[in-house]
Amino acid sequence: MKPKLHHINLSTDKVEQMDAFYREVLGLTRCDEDIPALRMDEEVYAGDVTFLTDGDIHLHIARKDVDAGFRTGQLVNPVLEGHVAYRVEDIEGFKAHLEDQAVPYSNWGDSAVAGWHQVYFYDPEGNVIEVHERRDAPARER
Amino acid sequence: MKLKLHHINLTTTKVAEMDRFYQGVMGQERETSGLPVLEKEQGYAGDVAFTTDGNIQTHLAQRDVMAGMATGQVVNPVARGHIAFRTDDLAVFKKHLEAKGVPYSDWGNRAVAGWHQIFFYDPDGNVIEVHEVEE
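Those protein sequence lines, which keep their order, are chains A and B. Be aware that the first sequence starts at 1, since it is given in this note's numbering, and climbs by one per residue. Be aware that the second sequence starts at 1001, since it is given in this note's numbering, and climbs by one per residue.
Just so you know, these hints were derived from the structure itself, not from any lab. The beta-carbon is built from N, C-alpha and C at its ideal position, and this holds for glycine as well. Mixed in with the good hints, there may be bad ones.
What the hints assert, rightly or not - Derived DSBU-like pairs (lysine-lysine); straight-line CA-CA distance at most 35 Å:
| # | chain 1 | residue 1 | chain 2 | residue 2 |
| --- | --- | --- | --- | --- |
| 1 | B | Lys1095 | A | Lys95 |
| 2 | B | Lys1004 | B | Lys1094 |
| 3 | B | Lys1095 | A | Lys2 |
| 4 | A | Lys95 | A | Lys64 |
| 5 | A | Lys14 | A | Lys95 |
| 6 | B | Lys1002 | B | Lys1100 |
| 7 | A | Lys2 | B | Lys1100 |
| 8 | A | Lys64 | A | Lys14 |
| 9 | A | Lys4 | B | Lys1014 |
| 10 | B | Lys1100 | B | Lys1040 |
| 11 | A | Lys4 | B | Lys1100 |
| 12 | A | Lys95 | B | Lys1094 |
| 13 | A | Lys95 | B | Lys1100 |
| 14 | A | Lys95 | B | Lys1040 |
| 15 | B | Lys1004 | A | Lys95 |
Claimed, not checked - Some chain B residues well away from chain A (every beta-carbon gap over 12 Å; in silico):
| # | residue |
| --- | --- |
| 16 | Lys1014 |
| 17 | Glu1017 |
| 18 | Gln1028 |
| 19 | Leu1060 |
| 20 | Met1066 |
| 21 | Ala1070 |
| 22 | Thr1087 |
| 23 | Ala1099 |
| 24 | Asn1109 |
| 25 | Val1112 |
Claimed, not checked - Quick partial rundown of chain A residues pointing at chain B, CB under 7 Å, derived from the structure:
| # | residue |
| --- | --- |
| 26 | Thr12 |
| 27 | Val25 |
| 28 | Pro124 |
| 29 | Asn127 |
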């Protein structure tokens, strides 16, 4: 259950400009597979996000949302300064591992993305890390 | 000229603690192959720990806010970290940046023996590295 890098999230006020830059300057392409089904719930996070890839690793260009933590009551806001996201096959096992390691985490569950169970936490420098499990049969669908 | 993500660089004042975290908490392993050979006499002499998830490397680098001043380079990749892509033709990529009007800092191989590296900013000021491994 080693976490594997899935995407880098850059949170920005300039989604269109960033999207154009990463496509036109870096040559990344739009992707429509294995992308999160954002619920677009205005009580959680309803920012626009574009999804790019180099063929393996994804880049998410997301609308910065400073208030997402206050609005949701979550202590880690992944769309404030962006995050680095890893995928595991067993999020419950990984949460138990974080508890063993005394690493506090913010459990977003599937509140932002249908079918992805997400937790967020800080590394020792305060970088935001996401770890998620993709569940192909989401518990609840809107 | 197609770019592939190669590593994420996180700069830190706590290399050993970050290294323990990325191995102990994130389950990454010490990277032992394909590592940059750091040139420590040419402007950046910080410690760097290298880990990997088996595919993409994480570079945990001693923060050095003066590396730009020491080298005369505008973009300092070890102030706030960077995202690094590898290309097989950096000369073509540099021409592409020039055509797009994107200024870049050409570090050549002064930081890493055998890697020709350039650094530039995305529209939000995030630092991007593109490098080519020299034959």
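So, going through the hints one by one against the coordinates:
1. Between Lys1095/B and Lys95/A the CA atoms are separated by roughly 47 Å; this puts the pair beyond 35 Å, and the hint is violated.
2. For the proposed pair Lys1004/B and Lys1094/B, the alpha carbon gap of about 16 Å is at most 35 Å, so the pair holds.
3. With a C-alpha separation of about 39 Å, the suggested pairing of Lys1095/B with Lys2/A is violated against the 35 Å cut-off.
4. Using a Cα cut-off of 35 Å, the hinted pair Lys95/A and Lys64/A holds, with the two alpha carbons roughly 26 Å apart.
5. Only pairs whose Cα atoms come within 35 Å are accepted, and Lys14/A paired with Lys95/A is accepted, the gap being roughly 34 Å.
6. Annotation: proposed proximity of Lys1002/B to Lys1100/B holds, straight-line Cα distance about 16 Å (limit 35 Å).
7. With a CA separation close to 39 Å, the supplied pair Lys2/A and Lys1100/B exceeds the 35 Å bound.
8. Distance restraint check for Lys64/A and Lys14/A: the Cα-Cα separation of roughly 9 Å lies within the 35 Å cut-off, and the hinted pair is therefore satisfied.
9. A distance of roughly 23 Å separates the Cα atoms of Lys4/A and Lys1014/B; the hinted pair therefore holds under the 35 Å criterion.
10. Restraint check: the Cα-Cα separation between Lys1100/B and Lys1040/B comes to about 33 Å, which is no more than 35 Å; the hinted pair holds.
11. Taken as a hint, the Lys4/A and Lys1100/B pair is honoured in the structure, with Cα atoms around 33 Å apart against an allowance of 35 Å.
12. At roughly 44 Å between alpha-carbon atoms, Lys95/A and Lys1094/B are farther apart than 35 Å, so this suggested pair is violated.
13. Proposed proximity of Lys95/A and Lys1100/B is contradicted: the alpha carbons are some 44 Å apart, above 35 Å.
14. Restraint check for Lys95/A and Lys1040/B: the C-alpha separation of about 40 Å exceeds 35 Å, so the hint is violated.
15. With a C-alpha separation of about 31 Å, the suggested pair Lys1004/B and Lys95/A falls inside the 35 Å cut-off, and the hint holds.
16. Listed as a non-interface residue, Lys1014/B fails to keep its Cβ farther than 12 Å from every Cβ of chain A; the least gap is roughly 6 Å.
17. At the 12 Å boundary, the C-beta of Glu1017/B falls inside the reach of chain A, the nearest C-beta of that chain being 5 Å off.
18. For Gln1028/B, the requirement that its beta carbon stay farther than 12 Å from each beta carbon of chain A is not met, with the minimum near 8 Å.
19. With 12 Å as the threshold on Cβ separation, the claim that Leu1060/B sits away from chain A is violated: the shortest Cβ distance comes to roughly 9 Å.
20. The beta carbon of Met1066/B is kept farther than 12 Å from every beta carbon of chain A, the shortest such distance being approximately 19 Å.
21. Even its closest Cβ contact with chain A, about 22 Å, leaves Ala1070/B beyond 12 Å, as expected for a residue assigned away from the interface.
22. Some Cβ of chain A comes within 12 Å of the Cβ of Thr1087/B; the nearest lies about 9 Å off, and the non-interface call is violated.
23. With a cut of 12 Å on Cβ distances, Ala1099/B falls inside the contact zone with chain A, its closest approach being about 10 Å.
24. Non-interface call for Asn1109/B relative to chain A: holds, since the shortest CB-CB distance, roughly 22 Å, exceeds 12 Å.
25. Against chain A, the non-interface label of Val1112/B holds: every CB pair exceeds 12 Å, the least being about 20 Å.
26. Residue-level restraint check for Thr12/A holds (minimum Cβ-Cβ distance to chain B is 5 Å; threshold 7 Å).
27. Here the hint on Val25/A is kept, as its CB sits about 5 Å from the closest CB of chain B, short of 7 Å.
28. Checking Pro124/A against chain B: minimum C-beta separation of about 5 Å stays under 7 Å; hint holds.
29. Evaluation of the Asn127/A hint against chain B yields a held restraint, the C-beta minimum of about 6 Å falling below 7 Å.
Hint check: violations occur at hints 1, 3, 7, 12, 13, 14, 16, 17, 18, 19, 22, 23; the rest are consistent with the structure.
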